[in-house]
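Asker: Letter by letter, the chains look like this.
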Amino acid sequence: MITRKEVQHIAKLARLGLTEKEMGKFQKELSKILDYIEKLKKVNVSEVEPTSHSTKIENVMRADKSLKFKVQSSKLMELAPETKNGYLKVKSIF
Amino acid sequence: MGLTDLTITQAHQGLVKKEFSALELCKAYLDKIKERDREIFAFLTVVENLALSQAKEVDDLISAGEKIPILAGIPSAIKDVILIEGIRCTAGSKILENYVAPYDATVIKKLKGEKAVFLGKTNLDEFAMGASTEHSAFGPTRNPRDLTRVPGGSSGGSAAAVAAQECIYALGSDTGGSIRQPASFCGVVGLKPTYGAVSRYGLIAFASSLDQIGPITKNVEDCKIVFDAIKGKDEMDSTSIDLNSKFQNPNYKQIPNSKFQIRNLRLGVPKEYFVKGLDPGIEKLVKAAIKKYEEMGAKIEEVSLPHTEYALPAYYIINPSEASANLARYDGIKFGYSVAKPQTNTDTLLDVYLKSRGQGFGQEVRRRIMLGTYSLSAGYYEAYYLKAQKVRTLVKNDFEKVFKEVDAILGPVSPILPFKIGEKVGDPLSMYLVDVYTVAINLVGVPALSLPCGKVGQLPVGLQIIGKPFEEDIILEIGEKFEQTCQK
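First to last, the protein sequences are chains A and B.
If you're matching positions, the first sequence starts at 500 in my numbering and goes up one per residue.
If you're matching positions, the second sequence starts at 277 in my numbering and goes up one per residue.
Just chain B, same shape as in the assembly (with noise of 0.2 Å):
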């Protein structure tokens, strides 16, 4: 086995009973890089100096008989949406082309203390808007399992890396699938945290109703390792939640962990999943999957969640409106590219504004932009945005009803195979399609997590496990037991 096969237990181990250095283990990734990168371009920014000064600081800790965190030492790669004091942070935009990062994101900073080594930032969609990395300013991403196809977005470059060995995790943040998707379209796995689970500063804004941070990686053990890592309140993000007081909640009932039976486990598997538009071979390789549980002893249940059409286009009125809001801050002023230059004085503010922005956005972001100001402007506010709020009511109600009779949810996470490069790019309105498994869940905020169940030709296939508000640790758990089986 050679050092780019190794999970994060095994890396850890390998470190511990020195059979290599955290060095070694670091120049492995970077060569991989060197080596794989140029024709599937994950990564945006390769941090050399960075990783291998951090790798040493592991090998100092090893050598002088420290005790080691488990993440210290293991290479890893962080979508480029999430700032690294000091290093380049361009959101895959060229509106940030040449933006540093003047601070830590929290899940940085406490990845900092784990003492992991990061080897670069991957390439994304532009501002995480998209399924494919195909809208990314700085050129596609391709999918390791076939080079002519995307794979997946907002975050291939981070799943394409864990995929093509180039890392052994990576960080993803996901607003409406952009972990899920490409982890499904990649064959790795990927977690979407429950709204709150994870702090949010430092990652740059899309839709902040929906945003998340969570890991992409090779199994299921390693995601619950980064996961763990990087969960918990922060001052920083008022919308974190400390995980402890779940438990203060009279209605909240716990499968203690060590007992977990498969056969006390209800899931549910919603019929509107399995409509009119999902793939063939992806179907039959979910249902194969949901008959692996039910053979382990589980109760499968069908449930119904009857606004699941709804979610989609209320969805894409929530993020755009949100989206516009946010990206309001790229002024040409405070900081990105700007038209503004010293010692002239030809443009007045207001050509400032427009041209910064109609220069710096490319197609996707600026088509949100005038979806979302559409959405919020006056007279269609009520229509649109407010009418899609209460749709959210809506889903959410579904989800909560569900929730009472199962313990979680089972179905697809996309309704399609990877697609080829260039395939969507000129149908805007298709590549939202491509959402329409995911969206649901950021709407509602709740757990959800992307596994491989198969392949249809060299193509992988994602399960997706929907969980409870907070029950991050069942879902992982479900996808451990069918890990375990296919292993088998």
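If we strip away everything but chain A, and leave its shape as in the complex, we get (with noise of 0.2 Å):
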């Protein structure tokens, strides 16, 4: 069963804000589906590697161009919910 804390800890690590009552809620179902996955214990891995990808594709290349960027970037600024001369704004840190 994972506790409280941890799932306090993971969390704050998700940058979730989540209610007391919603942290007891995920700690019941995180730990049901963990239990769940408990069974890829019985699996042998000890010789395996591990597969990131199903396509054995690795590092595309290209050309060391510039490209213009096609989106236009008012249409991105747009969407922002603040911003200031042109650019994001960011709350601060403290």
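None of these hints come from the bench; they were simulated from the model.
Among the clues, some could well be false.
[Stated by the list, open to error] Listed below are the simulated DSS-like cross-link pairs for lysine-lysine, each with C-alpha atoms no more than 25 Å apart in a straight line: (1) B/Lys666 x A/Lys540; (2) B/Lys547 x A/Lys574; (3) B/Lys385 x A/Lys564; (4) A/Lys569 x A/Lys588; (5) B/Lys310 x B/Lys343; (6) B/Lys677 x B/Lys567; (7) B/Lys303 x B/Lys385; (8) A/Lys590 x B/Lys610; (9) B/Lys617 x A/Lys574; (10) B/Lys310 x A/Lys541; (11) A/Lys555 x B/Lys672; (12) B/Lys332 x A/Lys538; (13) B/Lys617 x A/Lys590; (14) B/Lys631 x A/Lys590; (15) B/Lys666 x A/Lys538; (16) B/Lys388 x B/Lys293.
[To be verified] These stretches of chain A come out as covered by chain B in the derived footprint (C-beta under 8 Å, 3 or more residues): (17) 509-520; (18) 524-533; (19) 554-564.
Remember, predicted model here, so these are calculated numbers, not experimental data.
Yeah, the Cβ is synthetic: ideal placement off N, Cα and C, and Gly gets one too.
Both chains come to you apart, so use the hints to assemble them.
Answerer: As structure tokens, then:
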């Protein structure tokens, strides 16, 4: 069973604001899912390499040339909640 | 036959022969949406003006005597995780409720090149996370075959729209079954292409090593037409693959299309797919379909995929891990729902993150972010994420071994029939278990087709045809053979 403290820690790492009630709910649900995932303990993987991707392509290269960004930057800025002088505005850290 | 009964080829011929105009065809579907979508709720956004102007352009081409592409003027629906420039794209989430796409996805660009008509954007489980479309922040879609039941998910809106004849075809996305399972639940055809066959540029990212865009259609022929229109390498997606390169592989054995012979075909049936948990009604229909292939002359072989049972738990580590990383971009700063308001300085940066994400994401999305963050966090990474990736290798080895013996694999799409709305929503694990036959295909990256193979009462059942990498043409052809015998 995953502890309440672990749930709090994970929520903070994930930057998810959860209420106390939600913490309790996630503690129960995540424990149940993790119990199911425990099944994997039965598999011997000692000699097995991990697979991160199904296709075997790697290091896709392109010419080192600057390209014009195709999307109008004003369209992207319009989507931001807060901007100032053409920059994204961020709240203070402290 | 009404305009909303037509397949792509039939509608195309009607347009070319001037039996009806693209505008008439488009209006027939818009009317159908007005008539039926109040109860089905397949569409989150209907773009009537865009659809009518696209249809008019096609009519202009036809009256000018121009030859039109096969998808020209054909009314379609697009899952609301695929961007169409200037149109709202929500991913079924409150966090993107007011997000207007700033560019076209590559598949949309390709379809626009074919003069396609877009009717609107379809409902889905939030960020494509779910198997029922009940996790949409905007409410559930209902199954057109039985309105008390779910259409499957996450592409439930797209599958329901095709089944309810609210469009001729739709695009969906499939990360662990999200095209195939709703296609099966709604009694339509769905294709999950090989990973890399279709560009993911402009698809809102969920789990990037698993996501693929694919067609949902009325029949196999339409499926092939749409797949051919959207596939191919794209410089904007480095994981997309030049499909011609497969012919440079000396091990690649092509079955020539024109001389496709069912009696040369070896079809594998995994013994691990017919076990406890599979609905007896589904088992009966899938086995009957396999029998039909045998009668047509195919060689049926029992095969074994020994790690089948471990694919699902491995998937439910890999999928949330990738999702938690991808969804880090929703920070309340760049775009999407935010608690940050100009002229208020009460919140700190951390408050903006916590509140925007806490309020903007729904239950299932938060659950997966938590699960993924846990699996990737210090102290757990090796036991969970790395272990799952190693199990992924074993699952892949199983398929590679079987594909040395057979040309394709047959089995069910879903272990259960379309369930009642609300039945599973309170129990996340039971919802995950519905994916037992579909997730391995995404872990391995191979293509798979979901094809209607009968009904239990009024409820459709899907047959899954799994192929070798980049052999979509072969599984489509295998599917077409079955369709033809059903029509006889």
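Asker: All hints are to be evaluated individually against the structure, with a verdict given for each.
Answerer: Checked hints:
1. B/Lys666 x A/Lys540: holds (12 Å)
2. B/Lys547 x A/Lys574: Roughly 53 Å separates the two Cα atoms, so the pair is violated.
3. B/Lys385 x A/Lys564: Holds. B/Lys385 to A/Lys564 sits at ~24 Å (cutoff 25 Å).
4. A/Lys569 x A/Lys588: Status holds; Cα separation ~24 Å.
5. B/Lys310 x B/Lys343: violated (32 Å)
6. B/Lys677 x B/Lys567: holds (24 Å)
7. B/Lys303 x B/Lys385: holds (23 Å)
8. A/Lys590 x B/Lys610: The hint holds at about 12 Å.
9. B/Lys617 x A/Lys574: holds (20 Å)
10. B/Lys310 x A/Lys541: Not satisfied, since the Cα-Cα distance of roughly 53 Å exceeds 25 Å.
11. A/Lys555 x B/Lys672: holds (12 Å)
12. B/Lys332 x A/Lys538: violated (57 Å)
13. B/Lys617 x A/Lys590: It holds: about 10 Å lies between the C-alpha atoms, which stays within 25 Å.
14. B/Lys631 x A/Lys590: holds (13 Å)
15. B/Lys666 x A/Lys538: holds (14 Å)
16. B/Lys388 x B/Lys293: Status holds; Cα separation ~22 Å.
17. 509-520: holds (count 8)
18. 524-533: holds (count 6)
19. 554-564: With 4 residues close enough to chain B, the hint holds.
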